[in-house]
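These protein sequence lines map, in sequence, to chains R and Z.
Last residue of the first sequence: number 309 in my numbering, and the count goes up by one each step with no gaps.
Last residue of the second sequence: number 1309 in my numbering, and the count goes up by one each step with no gaps.
No lab work stands behind these hints, which were simulated from the structure alone.
A few of these clues could be false.
Said to hold, decoys possible - Straight-line Cα separation of at most 30 Å, DSSO-like style, residue types lysine-lysine; simulated pairs:
#: 1; chain 1: Z; residue 1: K1041; chain 2: R; residue 2: K72
#: 2; chain 1: Z; residue 1: K1076; chain 2: Z; residue 2: K1233
#: 3; chain 1: R; residue 1: K41; chain 2: Z; residue 2: K1041
#: 4; chain 1: R; residue 1: K41; chain 2: Z; residue 2: K1072
#: 5; chain 1: R; residue 1: K104; chain 2: R; residue 2: K233
#: 6; chain 1: Z; residue 1: K1252; chain 2: Z; residue 2: K1199
#: 7; chain 1: Z; residue 1: K1104; chain 2: Z; residue 2: K1178
#: 8; chain 1: R; residue 1: K233; chain 2: R; residue 2: K261
#: 9; chain 1: R; residue 1: K178; chain 2: R; residue 2: K233
#: 10; chain 1: Z; residue 1: K1233; chain 2: Z; residue 2: K1261
#: 11; chain 1: R; residue 1: K185; chain 2: R; residue 2: K210
#: 12; chain 1: Z; residue 1: K1178; chain 2: Z; residue 2: K1072
#: 13; chain 1: Z; residue 1: K1233; chain 2: R; residue 2: K76
#: 14; chain 1: Z; residue 1: K1178; chain 2: Z; residue 2: K1261
#: 15; chain 1: R; residue 1: K261; chain 2: R; residue 2: K178
#: 16; chain 1: Z; residue 1: K1199; chain 2: Z; residue 2: K1261
#: 17; chain 1: Z; residue 1: K1178; chain 2: R; residue 2: K41
#: 18; chain 1: Z; residue 1: K1252; chain 2: R; residue 2: K72
Unchecked claim - Take a look, some chain Z residues computed to stay more than 12 Å from chain R by CB distance:
#: 19; residue: G1046
#: 20; residue: P1093
#: 21; residue: K1104
#: 22; residue: T1156
Don't be surprised by glycine CBs; every beta carbon is placed ideally from N, CA and C.
Protein chains: 2
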Amino acid sequence: MVMIRTRVFAVGILFLIMINTSIVVSQYDPEGHRGTTENIKEVFEGRCWDYDVTRYLPDLPRVDTGCETLWKLFFKAFSYQPPCAVALENYQPYLEEAAQALPKDKVLFWSSVFSLAHQYGDYGQRYVTLEDTLVGYLANSITWCGQSIEPGYNVTRCPAWDDCPLEAAESFWAGASKTFAQRAKGEVSLMLDGSNPEKPAYRRNSFFGKFELPNLTKDVTRVSVIVSHVLDKPKVEVCGEGSLLLLEADVKERGFSYVCKDDPLVVLHLLCASDPNSRECQLVVNHARGQLNSTKKDTPLLNEVPDFF
Amino acid sequence: MVMIRTRVFAVGILFLIMINTSIVVSQYDPEGHRGTTENIKEVFEGRCWDYDVTRYLPDLPRVDTGCETLWKLFFKAFSYQPPCAVALENYQPYLEEAAQALPKDKVLFWSSVFSLAHQYGDYGQRYVTLEDTLVGYLANSITWCGQSIEPGYNVTRCPAWDDCPLEAAESFWAGASKTFAQRAKGEVSLMLDGSNPEKPAYRRNSFFGKFELPNLTKDVTRVSVIVSHVLDKPKVEVCGEGSLLLLEADVKERGFSYVCKDDPLVVLHLLCASDPNSRECQLVVNHARGQLNSTKKDTPLLNEVPDFF
């Protein structure tokens, strides 16, 4: 599924990351400014039918409102309007009708780690991201913006997020992030990138800083932060340092408890699956015993303690 | 995406595995026999629109035939017919219209490892499975069967695959597997389960044995087999043993070269992401150096050779 949601206004470049069925394809266009997605109505309603019957069962509840109604509410929010002046509130009717109850302790926010976060969440099984919910699923990866003349949306060119203060899609993701945060319960998780020398892991002007953290309610108990790092490279920020100290203070100031972990094993193995030969990914068993083959039906060598223990 | 494709006639139980966006939810119903998926036309056509515009770009080519036409061809194959007598050929018009060229060296077949195979394929980025192609994507996870009276399909009960010799959905997956294999080029991969004491990794009566291997053409050079194993358990079959010897013979007899690997590292790390505390998943760096945190901006300890080398 293509994703058009960068979460930093200051950067505002469109990263179009395809990840349906978890394909991740960078579709970043340096010229930006693609027009509204072709056949957007059919894609939106088609995803809606598909979601309703076959997706995220049983992890997320179904929604009562029909697909055609959801499209009308979504389309009404930006169509026949200038592309740079769409208020967050315009999307409110859609956001309310498409909203689902979120499972306790399973909400996952993220900044700058789209693909890894969704793998880590296991697409709703381990954690639920905004893009797993119906609200986000229907809009994920598509482009849209309005114009005052027929057909009410621009098919050739939409502004980039940093071209204007209330860009149509940016307003949508801001409003969607807000309502997603408002519905979170229990322990929430946040995955951040600790390897970018140009950008702190936590930024108060990120989507999380602006729309999610401020909208967490008293139903939330704890914020659990996961800082991920590129393999075999220096770690720019780890838990307890730099912007993560600021995050801890901001979280605690709002009355939530805070915990932070660098590269938990699940995350590390997901990273290693993409780059198994990196030094951090060498497995004890391989080194201790050579390859993993074992003798047929024997108790495998793996059950023995490797030599160097 | 829910999957209704077990590949062994002898078992024939419906495993409904949800894996779009890679959710894997077992929806196996011990009573079986669900009726045709609700709103199947809208789901099918909706997926088609979504796929056409946003999925598997740029890994797989688009299809010229419209979504409504594809649905009509698919529906015509089984509707108004007895559910147990649908010939493979019925689906041929649909299979031809929905077919895509397959990228060389990237086709992945699988038996009994649905979820892992799709993770390993990375949903079309690393390898392409039948379920990544339009042919399989539209039908994956849904249930269908015909009846002679209106509306032409049974909404309350469809037979299981082993209830009859030419069950509607089984015929579809058989025909789809055949045409998928016919279009493969270069090196093809096959992922198998080497940990099931009840079922050999390779079986001549599996979908691969019956519909895929016999339909590979001279455009295929090599069959690369991946045998996966449950972590920390005895391996029932590994490369070069048992049914894998039979597979090697069958592959070579057809003129292809053969290679086999047990649990390549990518696969192992994917397994470990689900069960990071198993013995086979212990990382060298963790053991040698404790946790993975390193000092900010220092060259990480990871770049040093661990002590026991």
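Hint-by-hint comparison with the structure:
no. : hint                : result
1   : Z/K1041 <-> R/K72   : holds (21 Å)
2   : Z/K1076 <-> Z/K1233 : violated (47 Å)
3   : R/K41 <-> Z/K1041   : holds (17 Å)
4   : R/K41 <-> Z/K1072   : holds (21 Å)
5   : R/K104 <-> R/K233   : violated (35 Å)
6   : Z/K1252 <-> Z/K1199 : holds (23 Å)
7   : Z/K1104 <-> Z/K1178 : holds (17 Å)
8   : R/K233 <-> R/K261   : holds (18 Å)
9   : R/K178 <-> R/K233   : violated (34 Å)
10  : Z/K1233 <-> Z/K1261 : holds (18 Å)
11  : R/K185 <-> R/K210   : holds (19 Å)
12  : Z/K1178 <-> Z/K1072 : holds (21 Å)
13  : Z/K1233 <-> R/K76   : violated (56 Å)
14  : Z/K1178 <-> Z/K1261 : holds (25 Å)
15  : R/K261 <-> R/K178   : holds (25 Å)
16  : Z/K1199 <-> Z/K1261 : holds (19 Å)
17  : Z/K1178 <-> R/K41   : violated (34 Å)
18  : Z/K1252 <-> R/K72   : violated (58 Å)
19  : G1046               : violated (3 Å)
20  : P1093               : holds (22 Å)
21  : K1104               : holds (19 Å)
22  : T1156               : holds (16 Å)
Against the hints set out earlier in the document, violations occur for numbers 2, 5, 9, 13, 17, 18 and 19.
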